[in-house]
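**Q** The lines below spell out each chain.
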Amino acid sequence: MRNEKDLLQLMNAHFEPLKLEIKRKQNVSVEFKKEELIQALSFLKSHSYRHLSTISCVDWPEEGEFELVYHLFSYDDLINISLKTRIKRDPGIFQTAKEIWPVAEFYERDIHDFFGVKFKGNDNLEELILENWQEIPPMRKDFDTRKFVNDKYEWRDYNGQKHTD
Amino acid sequence: MNNNFVKGSWQEILDWAQNKSINMLHYCTGCGAIELPPTMTSRYDMSRFGIGPAATPRQADLLLVTGYLSTKTLRRLIYTYEQMQAPKFVVGFGSCTINGGMYWDSYNTIKQLDKYLPVEMYIAGCMPRPEAILDGLLKLKKMIADGEADGYQRYQDNLEYYHQNQEAVLGEVQRTQ
Amino acid sequence: MIDIIYRIGHFVLITVFSMALGLLFMGIARKIVARIQKRYGPPVYQPYLDVLKLFGKDAITHGFIFDFGAIMALGGVIATLFFIPLGSWQLYSMEGTVILVIYLLAIASLGMAMGTVGSGNPQASVGISRALMQMLGYELPYLVILFALIYRYQTSSVWGLMQAQAGSFLNWNLFAYPLMAAVAFVVLIGMMGKKPFDSMIAPSEIGSGPVVESGGKYLGMLLLQKSITIIIELALYVNLFLGGAENILIFTFKMLIVWVLATMFGSLFPRFRIEDGIKFFWKWPLGIAILQAIYIIT
Amino acid sequence: MVNLTLIIAIPLLMSFTMPIFKMLNQKLPKVIALLTTAFNLLVLTANFSQIMDSAIIIELGGWQAPLAINLYVGPLALLAAFLINGSAFILSIYNLTQDYKFDDKFYLLFLMITAGASGMVMTGDLFNLFVFIEITSIAAYSLTAFAGRDSYEASFKYLVIGGIGSVFMLLGIGFTYSAVGSLNLAEIAASAGLINPLLLQITALLFLIGVGIEAELFPLNFWVPDLYTEAPTAVSGIMSGAVSAAGIYALARIFFTLFPAQSFLNYLLYLGAITLILGELIAYQQKNIKRMLAYSSLAQMGLIVAVISLGTEGAVRAGLFQLVNHSILKILLFISAGVLISAAGSKNIDDLAGLGSKKKTAAFGFTIAAMGILGVPFLNGFISKFMIISSSLNADQFLLTVLILLAAVIEIAYYLKVVQKLYFEDLKIEVKKTAVITIPVVLLTLMIFGLGIYPQLIADPLEKAAAELINNGSYIMTVLGGM
Amino acid sequence: MLTNYIFIPIAAAFIAYILNKRNRKAGAVITALVSAYLLLSLTALYGRWDITQSFNLSLMGYKIDFLLAVNPLSWLFAVMTAAISILIALFSINSQENFKFSSVFNLNFLIIIGSMIGIVFARDFLTLFIFWELMTWTSFYLISAGKKKMAGRAAYRYIILSAGAAYAFLMAAIFIFQQTGSFAFDSAAEFLVANSPAQSIMLLLVISLPFIVKAGIFPLHIWVKDAHGNAPKEFSPFLSGMMLKIGIYGMIVVFYQLSFFKIIENTIAYRGLPLLSYLFALLGAVTIITGTILAIRQEDMKKLVAYSSISQMGYIIIGIAIATPLGFSGSMLHLMNHLIFKSTIFLALAAVIYRTGTTKMYEMGGLIFRMPLTFAAYLTAIIALAGIPPTNGFISKWVIYQALIEKGYLFLAIAAFFGSIASFMYVFKPLSTVFLGQLKPQHQNIKEVPLLMKIPMLILILVIVLFGVFPGIQMNIINQISGYLGIETVNYTLYSIQGANGAWNSLLIFNIFSAGFIIALLLFSFAKKSKLVGLLDTYSSGEYITDAESYHYAYQYYRPFDRLFDNLAAKSLTDFYETLTKNLVRSGEGLRRALAAGKLQNYALYSVLLFVILAAVGWII
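Chains as they are written, first to last, in this note's numbering: chain W, 1 to 165; chain X, 1 to 177; chain U, 1 to 298; chain R, 1 to 483; chain B, 1 to 621.
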């Protein structure tokens with residue numbers, strides 16, 4: 001039964017994390033370099049962090065990077081750890097975590113749908129949630145929903161006066 | 001349809017009967033669905049007006065679309081609508097069906113229901129309370145009695161218009177053979 | 001020749017009368033359930049409106065067997081109607097036997113089953129298989145009761161059984177064999193598919209079971225069939241256990257009482273699972289019926 | 001009225017001159033064997049009517065009965081001789097299509113075995129009986145060894161057990177000679193009363209074991225499965241058809257004419273019943289078809305001994321009829337099995353699957369014989385089974401009848417397994433070329449159907465044979481009376 | 001004169017075998033011709049109950065005489081055999097195109113017909129036994145010509161059971177022969193009545209053993225499922241239609257002609273019925289229940305119908321065993337009706353198998369659109385089997401109920417009710433899984449069966465409805481039979497039968513039903529015309545279904561009901577017999593290993609041991 005500090009020491013011992021932080025009780029976040037993340041994932045899996053709850057992605061258009069966050073949970077330590085890493089925005093390619101957790105395939109498809117991140121090794125990245133979507137991935141910050149909606153749907157004209165602006 | 005221009009007395013009797021007993025298929029798409037149980041149960045008791053829930057579109061006359069409609073749900077809604085039979089009416093529920101409501105600028109919701117399906121009436125409100133629902137439905141019953149509720153006619157007459165709008169949003173839509 | 005016209009007239013009169021009465025009873029039932037749930041509920045004549053509306057609506061069909069099924073269902077039930085004495089009205093009930101009535105009801109259910117499964121919808125087949133399983137459940141105690149009654153009164157015709165209970169209301173079977181009457185009452189609820197035993201038309205689980213594909217006039221026909229079935233089963237119960245009646249009014253009144261009791265009884269219990277339903281029917285009702293039958297035989 | 005001794009003399013003569021015929025021409029030994037057996041059959045038919053009304057006694061060497069060796073050919077002996085020479089005749093037809101390594105020596109022994117068996121059956125003298133038993137067994141030992149490596153072990157086994165048997169036999173003859181002073185069967189039978197009972201009992205027991213081995217009784221018959229499985233088909237045919245019949249004749253002759261005591265018969269009954277049930281049970285789960293047939297013929301022999309030892313007239317007649325049927329059916333089974341095995345290349349039943357479509361005659365032969373044994377109506381097995389059941393019920397041996405029926409059901413089980421495999425399963429292995437056996441199969445099937453539909457053919461020889469066996473008094477009278 | 005009814009089919013069998021080798025259809029045509037001849041000449045025989053024929057034979061010192069005679073009971077069975085065989089022959093003319101064993105089929109089928117007529121006309125044990133064996137053997141070959149592996153095992157189990165029972169029969173027959181000096185039934189009957197009851201009951205039970213096996217009554221019914229399920233599709237109608245009935249014929253002979261009832265008259269009675277016949281009725285009841293429960297579970301339609309035959313046999317056994325006039329005529333009626341509707345069902349299923357090639361129900365569906373006539377035949381047959389009024393099935397069941405209620409046998413009645421209601425379930429299952437529901441893509445272009453296969457089905461439909469409305473036709477032959485067997489007759493008119501407490505008038509029912517049907521039809525056509533919609537356009541909560549496979553509810557149709565009986569079905573009787581044979585085999589193996597282990601010195605030792613043992617045992621004279 002490790003507490004948050006022992007976990008961070010464990011991380012320091014085996015990897016060179018860029019940043020470690022105890023957000024609050026039972027919630028730790030660690031940032032890794034791109035190359036180290038997958039090893040960290042398998043390392044943690046063997047240390048009782050069996051549950052990959054989700055993979056989320058944050059779009060930093062200014063720095064031109066995507067931030068991929070892997071949220072793990074251990075039933076022994078009862079700690080949520082989120083492993084973060086930054087990847088370049090334009091090629092937007094990262095290795096898949098499918099071999100470690102098969103469920104990762106769906107999270108990766110979801111991220112591919114909404115952010116356009118391509119995961120090497122995950123061969124079926126077709127649409128999971130969207131249906132024949134032609135535009136750029138909608139969750140990206142540079143996707144202007146209002147413009148999209150304006151030209152896709154006309155607005156109801158309440159006797160001559162349009163709804164928006 | 002052979003009965004739309006014969007406005008004989010028989011049609012009036014049918015309209016009268018139709019308005020007295022409506023089977024409602026509440027297609028719980030959005031958050032409006034939670035408003036219906038109170039209208040059906042003891043407090044407001046919708047069944048005293050002859051309106052009761054129907055299990056399948058085959059038995060239903062009224063399609064109640066209760067809330068925002070994502071594009072994928074619209075496809076299923078259209079199939080259900082086509083499975084319903086002739087004197088059928090659609091009632092939009094809540095502001096999301098009128099003009100997109102709170103999700104007006106979201107990329108994946110439908111903004112106006114009546115572009116895709118012939119809507120008899122909208123009941124405004126970001127989820128109208130049971131009184132509003134009952135009031136709306138009573139108004140619908142009056143419309144049916146007077147024969148004005150001919151949504152299914154409008155759908156048949158300008159089928160092309162509706163199909164274009166649907167294909168615009170959904171890509172190709174499977175039609176029943 | 002006149003006799004035939006008289007017969008046909010009588011034939012049609014009884015059919016219309018029992019349809020109307022059946023629908024009225026269904027309206028009353030909805031009213032009672034509503035009252036129990038502290039709400040007003042639809043007007044009593046609501047089923048008439050439903051039927052009228054349904055016959056006015058368009059409908060879809062899945063081919064010949066779908067139509068033939070609906071027609072056979074209604075036809076079978078109408079045919080059964082004439083073997084049961086309704087108060088003083090009885091057309092052929094002289095020869096009709098109780099066992100015949102049970103099997104004639106089977107025509108109607110077979111017709112409905114064939115039609116609805118013909119629609120190709122899996123939910124209909126699931127509904128029908130549940131209905132058949134449940135029928136096996138409630139039919140067994142019922143037939144044991146019939147066995148005992150026929151053996152006791154040595155006549156298998158409904159009219160004979162009714163006559164046997166003539167005289168004061170004390171020698172109604174209800175009082176002569178109260179246990180058997182109770183079992184028959186529970187079986188009656190099962191037969192009519194009312195609340196605790198309506199797993200075959202469960203709207204949420206299998207989209208109202210067999211009638212999933214029948215809209216418009218098919219639903220109307222099945223509704224009429226249901227109404228006549230209610231009248232037949234109530235009439236059977238009244239004849240067998242409440243000593244029938246001289247004229248139709250008292251007969252209807254007796255049927256109404258039984259119907260109201262059944263609805264109230266029904267609206268209190270949640271729905272049985274299928275095998276629990278069968279197990280229930282084979283545990284208590286069948287047990288009591290067998291005990292009663294043994295008591296009668298020895 | 002040809003002299004009956006020729007039946008023994010001619011085959012022996014022919015067999016010893018077989019090497020000369022071999023030198024003259026390759027094919028000759030086969031033909032000679034066929035001709036001699038045919039000649040024997042002719043001689044028998046010539047004397048048929050004469051024997052029917054009274055037995056023929058032939059003294060060899062001119063002395064009177066008690067001293068000289070005499071042949072006693074009654075209806076029983078005639079029937080047995082017919083059986084032996086008939087099966088030898090059919091098997092030699094079968095042999096025409098076979099070729100063995102040292103075929104002249106094979107046919108030499110083959111004729112020796114027929115002569116020995118016929119001699120066993122016709123002799124009226126105890127020591128003479130012993131001599132002929134020795135001739136047959138020696139021929140049999142060497143004949144089994146013709147089928148290559150693993151048949152040596154089988155013949156060695158039979159040699160050892162046969163040897164022990166003949167020792168017991170010799171002891172028995174010694175005791176009887178010392179007690180009675182003569183070796184003539186009638187003489188011994190006549191003076192049976194004089195010997196003190198204990199000595200009589202011991203000699204009977206000795207004879208039981210000595211001859212029991214030939215008659216394949218329970219503890220003594222463990223040489224049978226190996227011999228019938230390893231020996232070439234012709235040899236197992238002649239052994240199961242003829243030699244075991246001769247063995248049973250000898251057993252019957254001893255226990256009906258020499259020591260006619262009901263207690264001996266009861267022991268025979270128990271031994272026969274045990275053999276029957278044991279044979280059937282073991283045969284049920286055999287994988288090798290020949291071994292299955294071996295156990296089945298062993299069981300049938302047990303059945304025949306049990307039925308005959310019931311002692312009544314009807315029982316003996318049923319037993320003899322079953323003996324005749326069994327020989328015919330067994331020979332047909334062995335011949336067809338032989339062909340099927342050579343076609344499939346292995347003796348395992350599973351490999352025979354589907355041969356029905358390819359080897360039509362052999363499979364047909366096997367099926368008809370199997371149905372014959374199982375007692376299907378219109379076949380000979382049915383009538384003998386009917387007679388067995390009625391005679392055993394007559395002797396109100398209720399348990400024996402149930403045993404016989406149980407054995408019959410087990411028989412159905414394992415024979416039908418093979419029949420089904422032949423016809424209704426698809427072919428597993430590619431079929432090799434084999435010999436054409438249409439003539440023997442047709443001949444035997446005709447006999448089966450003939451006896452099945454019209455059993456009157458051999459009704460009255462059976463009648464007389466059973467009568468002769470039952471009352472040994474008439475036997476003594478004819479032999480000694482003639483003095 | 002009677003013998004030519006027996007030996008013409010057997011002779012024709014060999015001709016059919018040879019001809020069929022050359023042209024595939026010849027065999028079936030010959031069978032049809034022969035059975036047509038039989039049918040005509042047998043019907044012409046009606047009424048002349050005095051024809052007898054006998055010839056004797058002194059076989060091996062036994063004087064045996066073979067007697068053949070015609071009586072109403074045997075006439076009925078012979079006509080039924082001929083009728084069903086002509087229909088099957090017509091059906092199999094072109095349903096056997098790709099059947100490998102068709103010549104073996106016709107050979108054995110004709111021999112079976114001949115031997116069955118032989119059995120039915122036999123008046124003594126030996127002829128009965130000979131033809132019985134012949135029938136058993138030929139049906140063995142026929143069953144094993146069915147589906148590859150399972151047919152072999154099924155035939156194997158069938159032959160062992162029936163041959164074992166037949167040998168027991170032979171033993172008992174010979175025992176009687178020894179006591180009475182002849183095999184004839186009448187002399188045997190006198191002897192048995194005079195004999196001590198215990199022994200004659202034992203004898204009669206042993207004699208009825210093969211009939212119990214053949215009729216598939218409870219303890220010995222294990223072979224029926226596999227044999228019917230795997231037999232060639234043309235033979236199962238005959239197998240379940242006629243072969244089960246021969247067992248019943250045997251039971252009737254044992255009960256009445258060998259006066260089984262007279263013998264057990266004075267034994268202890270249970271409510272007015274001798275205990276032994278009540279036991280037989282109980283066996284019938286148990287057969288109904290087990291047959292029905294197992295029928296509901298089956299996934300293979302032929303096995304399902306086979307089990308339903310077993311349970312219907314139970315009705316007939318109950319009818320005969322309670323020995324009342326109503327009971328007897330009820331069971332005879334049910335016997336005839338069962339033959340008719342059961343062979344219709346099997347023929348309809350054979351047509352389906354001929355077209356789709358599979359017998360598994362969940363691999364089919366929606367065949368009503370492709371094979372309407374087969375559907376119509378199947379529908380009428382199951383309406384008859386379920387016992388729904390306008391058809392003949394109901395009449396026979398109604399008469400049996402009258403008989404049961406008249407005597408007040410509660411448990412038998414419960415079993416009968418259970419059987420008939422549950423028959424709705426297992427009868428509806430093939431209807432909905434095979435004919436209704438979704439049509440599979442691979443069956444899209446199935447055509448209706450050729451004409452020659454349609455004719456038998458059409459004829460059978462007409463016969464079902466005809467006997468349904470006019471049961472009188474059947475009743476007059478049944479009354480003659482009960483007269484012949486010495487049971488009082490039931491009074492009847494052309495279209496009504498007088499039950500114990502209430503008459504049954506089938507013409508009236510038919511009129512009322514059609515009147516009701518017309519009213520419904522009027523109501524239906526009064527409303528608007530409905531729009532035809534395809535099979536795939538059904539409500540599936542919005543999702544558009546594309547593959548028919550996932551929208552056909554067929555596998556484990558009554559799962560909740562089966563769950564109630566899972567443990568009962570698990571320990572079925574067949575395992576009991578399997579273990580029995582298994583330890584028989586093990587004992588044989590054990591003996592062999594112990595005694596014949598192949599070591600030479602033991603063998604030598606045995607001979608000496610035998611000498612010592614026998615001497616020790618006191619081989620004293």
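It is worth saying that the hints were derived from the structure and are not from the lab.
Possibly wrong hints are sitting among the right ones.
To be verified - For lysine-lysine, the following PhoX-like pairs were computed, each having C-alpha atoms within a straight-line distance of at most 20 angstroms:
| hint | chain 1 | residue 1 | chain 2 | residue 2 |
| --- | --- | --- | --- | --- |
| 1 | W | K84 | W | K118 |
| 2 | B | K147 | R | K417 |
| 3 | R | K428 | B | K63 |
| 4 | W | K152 | X | K72 |
| 5 | R | K464 | B | K63 |
| 6 | R | K421 | R | K360 |
| 7 | R | K421 | B | K454 |
What the hints assert, rightly or not - Covered stretches of chain X, going by a simulated chain U footprint (3 or more residues, C-beta under 8 angstroms):
| hint | stretch |
| --- | --- |
| 8 | 90-104 |
| 9 | 134-144 |
Model, not experiment: these values are computed from the prediction.
We put the CB at the ideal spot given by N, CA and C, even for glycine.
**Q** Does each hint hold? Answer for all of them.
**A** We went through each hint and held it up to the structure:
1. W:K84 - W:K118: holds, 17 angstroms
2. B:K147 - R:K417: holds, 16 angstroms
3. R:K428 - B:K63: Roughly 50 angstroms separates the two Cα atoms, so the pair is violated.
4. W:K152 - X:K72: holds, 16 angstroms
5. R:K464 - B:K63: Roughly 18 angstroms separates the two Cα atoms, so the pair holds.
6. R:K421 - R:K360: With a Cα-Cα distance of about 14 angstroms, the restraint between K421 (chain R) and K360 (chain R) holds, given a limit of 20 angstroms.
7. R:K421 - B:K454: It is violated: about 36 angstroms lies between the C-alpha atoms, which goes past 20 angstroms.
8. 90-104: Check failed, 0 qualifying residues.
9. 134-144: violated (count 0)
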